[in-house]
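Enquirer: Here the sequence shown stands for residues 96 to 170, where the numbers follow my numbering.
Because the hints were derived from the structure by calculation, they are not lab data. One should not assume that every hint holds.
[As the list claims (entries may be wrong)] Each pair of labels, with its calculated beta carbon distance range:
no., residue 1, residue 2, range
1, Lys-106, His-152, 21 to 29 Å
2, Leu-169, Ser-140, 30 to 38 Å
3, Lys-111, His-131, 13 to 21 Å
4, Asn-126, Gly-97, 26 to 34 Å
5, Ser-140, Lys-98, 26 to 34 Å
6, Gln-100, Asn-126, 18 to 26 Å
7, Leu-124, Leu-169, 18 to 26 Å
8, Ala-160, Glu-119, 16 to 24 Å
9, Gly-149, Leu-112, 18 to 26 Å
[To be verified] Simulated pairs of lysine-lysine, BS3-like, Cα-Cα distance not exceeding 30 Å:
no., residue 1, residue 2
10, Lys-98, Lys-125
11, Lys-118, Lys-106
12, Lys-98, Lys-151
13, Lys-135, Lys-125
14, Lys-111, Lys-135
15, Lys-118, Lys-151
Ideal placement from N, C-alpha and C gives every residue a C-beta, glycine not left out.
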Amino acid sequence: MGKRQARIFAKDIPIKLLDLVNKEVNILLKNGTVFHGIIKNTAGSAIHLTDMLGRKHIVEMSLIAEIILDIESLY
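Construct all of the structure, not just a fragment, from the sequences and the given hints.
Expert: Structure, rendered in structure tokens:
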């Protein structure tokens, strides 16, 4: 199986955010910082993310440039 990437830009995040809960993602901030982990929930204007080491991060949506999601494909 292969993988494809879905890129969700800042303007589309509020629309698609509920579909991303419990998904493994990369969150790219406007300053170039990248967080990798699983979105656990959302609260107001923030995303609660748990990274692969079990650390919890709260990321304000106003700081996010895009969210990148890997999707498995058939090839």
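Enquirer: Could you work out which of the previously given hints the structure breaks and list their numbers from low to high?
Expert: 7
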